[in-house]
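Engineer: As they're listed, the protein sequences go chains A and B.
All residue numbers for the first sequence refer to my numbering, where the first residue is 1 and numbers rise by one.
All residue numbers for the second sequence refer to my numbering, where the first residue is 1 and numbers rise by one.
Think of the hints as simulated: they come from the structure by calculation, not from any bench.
Be careful, since some hints might not be right.
Within a straight-line C-alpha distance of at most 27 Å, the following computed DSS-like cross-link-like pairs (lysine-lysine) qualify [what the hints assert, rightly or not]:
no.: 1; chain 1: A; residue 1: Lys357; chain 2: B; residue 2: Lys15
no.: 2; chain 1: A; residue 1: Lys357; chain 2: B; residue 2: Lys22
no.: 3; chain 1: B; residue 1: Lys28; chain 2: B; residue 2: Lys15
no.: 4; chain 1: A; residue 1: Lys274; chain 2: B; residue 2: Lys321
no.: 5; chain 1: B; residue 1: Lys113; chain 2: B; residue 2: Lys176
no.: 6; chain 1: A; residue 1: Lys274; chain 2: B; residue 2: Lys28
no.: 7; chain 1: A; residue 1: Lys362; chain 2: B; residue 2: Lys22
no.: 8; chain 1: A; residue 1: Lys23; chain 2: B; residue 2: Lys321
Some chain A residues close to chain B (C-beta under 7 Å, calculated; not the full set) [as the list claims (entries may be wrong)]:
no.: 9; residue: Thr71
no.: 10; residue: Thr170
no.: 11; residue: Ala177
no.: 12; residue: Met256
no.: 13; residue: Val287
no.: 14; residue: Ser382
no.: 15; residue: Val417
no.: 16; residue: Leu453
We put the CB at the ideal spot given by N, CA and C, even for glycine.
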Amino acid sequence: MNTANILLILLLLVGFSYVIGRKRSLALAKPNPQRKGSNLHSLPGYYGHLVAIWCGIPALVILLLWNTFNTPIATSLVSNSLPVEIQSQSTEQIGLFMNRIQSAVNQGNINELTDPTQKQAAEYYQSILNISNMAKTVLVLVLAILGIFYGLRLIKPELRARNRVEKVATFFMASCASIAILTTAGIVFSVLFESIRFFSDVSILDFLFGTHWSPQTALRADQVGSSGSFGFIPLLVGTLLISAIALLVAVPLGLMSAIYLSEYASKPVRNIAKPALEVLAGIPTVVYGFFAALTVAPFIRDTGEALGLSVASESALAAGIVMGIMIIPFMSSLSDDVINAVPQAMRDGSYGMGATKSETIKQVIIPAALPGIVGAFLLAASRAIGETMIVVMAAGMSANLTINPLEAVTTVTVQIVALLTGDQEFDSTKTLAAFALGLTLFLMTLVLNVIALHIVRKYREQYD
Amino acid sequence: MTNITTPTVSATTEKVKVSLQKRYSREKRFRWYGVASIVISLLFLVILLADITYKALPAFTHHYIQLNIEFNAEKLGVTAQSTPEELRRADYSVLVNDALAQQFPNVNGRNEKRALKNIISSNAPYRLQAMVLENPNLLGTKQAIWFLSNDDSDVYYKEGNDRLKPYETQWLDELKAKGQVDNRFNSVLFTNGDSREPEQAGILSALVGSLYTMLITLALSFPIGVAAAVYLEEFAPKNNFWVDLVEVNINNLAAVPSIVFGLLGLAVFIQFFGVPRSTPLVGGLVLSLMTLPTIIIASRAAIKAVPPSIREAAFGLGASKVQTVFHHVVPLAMPGILTGTIIGMAQALGETAPLLMIGMVAFIIDVPASITDPAAALPVQIYLWSDSPERAFTAKTSAAILILLGFLVIMNLLAVLLRKRFERRW
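Just chain A, with the same shape it has in the complex (with noise of 0.2 Å):
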């Protein structure tokens, strides 16, 4: 039986035990005159919810660890059972093999396997399967209905029911929360791990310190130049050329944005302004990457050519200014906050003291919201270095070290896309560069984030 029939039938359980297990109760209960009603500890809905906890829980934690582990073991189980000449192979080569068998399998169509050995191991590892759904199917049955009865057992008027599902529902609640932890080290562990076996193959001060990118060359084993070159430094002035002309953009604009929509404009033009800006952040990437790559990049080279430049197809300039303007709500909302977080005394003292509105706002307000600002510009800044979608569609490929915005220049996170996105094998150095780049993605913006969540925090607290 697949998962979603199981999953269906220990619904109908759960729900079942639900009823049977509040019928229980009021049966048990006795009418009790001194407490107006029954000897019940808690409500009956509660020894009925316990019920359900007892029938459900276990059963959904077995079928859950079931999945999970099913086909690394069942891979394991088949590449021990393997033939010698096979197991002797390279770790590689036995992936390979693996793969192809489970790809056959899971598709229907061992018959079509050619090499006996494959179609061997294909029908072992179909076995397997065929058991481990088997047993997964039984035991998760079995066990769901020995928790309703085991739950109908402990029902008692004096069971503290109430307090139990309560306890279950915070311990649900709590997991719930640390998913977030899980999730980060989830990210970490797998882009390190990659990485460790990237940096086995390649050097990491080659890698931080080389200023030759071209992992194509490194397809084929017995090829010229079969290393392949991973220096990371023409990425990372593309990434950072591209994130400063971004930069350039959203910052004065959504700066002045928010000065004048929080100290100037009246309450209309603010209600329309305000959401008009913020329409700019929820519009897709994928949008804005069209939009440059169809529409600014082509009039940025017309216009280059007019003056006489000679400009790229695939310039630094329009992937930069379109991921400018994609910045500038997050920057003038940001910024907005921290202007608004500004004591007005400070602003009637600096008015007292005769100065002009910009005055104050120049002297006084900026100073005053500065490590706010700074914050902001830091979040932007995280933001525009791991943008993707926009310089995927508008940065280019070729890595240029150069700082010229009007050339092609490849970031980091487009050679992610362009070294996982093909068809290859995925334990060569080319996809394992991937997670390599990944980590070093990471770790840049996590410190941006982390220095600038600080700052904000900080700030906040001089004025609570």
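Starting from the known structure of chain A, fit chain B onto it as the hints suggest.
Structural biologist: Chain B in isolation, oriented as in the chain A frame:
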């Protein structure tokens, strides 16, 4: 003559006057910078939307070409009594070619003949096949049938096409002069899956793929997000290391680049847990991890806004902590929670980069039937089409963008309405 002596102005006053002038003009200038920034930013928005709308408009209609098809049973080698299998196997392109040859009897030469075939879409024979299968009595009759035109013909009728040869444009003009061309609403866009032929490409499969992905994202991130927010706001111990760690983590996750979530999905869900790639299931898993921080942060704000008096009243009536929270606080915070959820879902709907990492860039024609079928998503479809060299795909891409933006506008309107409808000042 009387000498009117101007009252003597002290040097200081003079100085102040001059500097005041300067200060006022500086003030004015500063104000204008503000206005200019807002106007420029909004101008960008207007240009972006106008540009895409303008590019998209041609894609909502398509030209159809009428041909007189003679259902010649002999040439097909079948009769009205043939089995469906025989009817299916017959070569219907003969009929189309005959109709075209009849229309343009002077066409000779291989290249020209091939070009002639290309004025209508390559799916024309399949249409005839479907018609005959449905009604075998058509055999032997003559019918005027409207066919989808090829993308090049369509682009020619819409805006002229410099890629076509003179004789091709001559045919197309001739057909138009005879009234055998009609511009109709392009229903193909909404009823077909992806295709290599621009005129046959539609967004239905991407739309369904996006729908499945969103359902999984919602089903996972909403309950988990709300539960996490309730725990952190109401139950979590203060000044506890683990709780602080969770809070810092949530804020950081909200700012992690989306492509990193894609790497996580690839390494953990696909590589380790063996979730099938390119499917709404793995897409939904990745996107729900991305949406969680948004939902948690919005839900916490909503829960925090419920005044303590509500809780105290519930406690006063003997409710437990859990009862207070779930019977009183969460229902009152629900509008805020739902607003945050809709905004998070809107973000997830437009997200592309992580989906590229988990293989949702495959060329998918079929509408996915379940969450474990390979599927495309709307933004990924846009990305794929934007990469296609055919000119007609530019309009298709823009049209798909408009549809995506339409969904986002509806979601955001919903969020605004919800906020307006249930906004409550305590």
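Engineer: All the hints need checking, so say for each whether the structure fits it.
Structural biologist: Here is what the structure says about each hint:
no.: 1; hint: A:Lys357 with B:Lys15; in the structure: holds, 21 Å
no.: 2; hint: A:Lys357 with B:Lys22; in the structure: holds, 14 Å
no.: 3; hint: B:Lys28 with B:Lys15; in the structure: holds, 20 Å
no.: 4; hint: A:Lys274 with B:Lys321; in the structure: violated, 39 Å
no.: 5; hint: B:Lys113 with B:Lys176; in the structure: holds, 19 Å
no.: 6; hint: A:Lys274 with B:Lys28; in the structure: holds, 22 Å
no.: 7; hint: A:Lys362 with B:Lys22; in the structure: holds, 16 Å
no.: 8; hint: A:Lys23 with B:Lys321; in the structure: holds, 26 Å
no.: 9; hint: Thr71; in the structure: holds, 3 Å
no.: 10; hint: Thr170; in the structure: holds, 6 Å
no.: 11; hint: Ala177; in the structure: holds, 4 Å
no.: 12; hint: Met256; in the structure: holds, 4 Å
no.: 13; hint: Val287; in the structure: holds, 5 Å
no.: 14; hint: Ser382; in the structure: holds, 6 Å
no.: 15; hint: Val417; in the structure: holds, 6 Å
no.: 16; hint: Leu453; in the structure: holds, 6 Å
Of the numbered hints listed earlier, the single one contradicted by the structure is hint 4.
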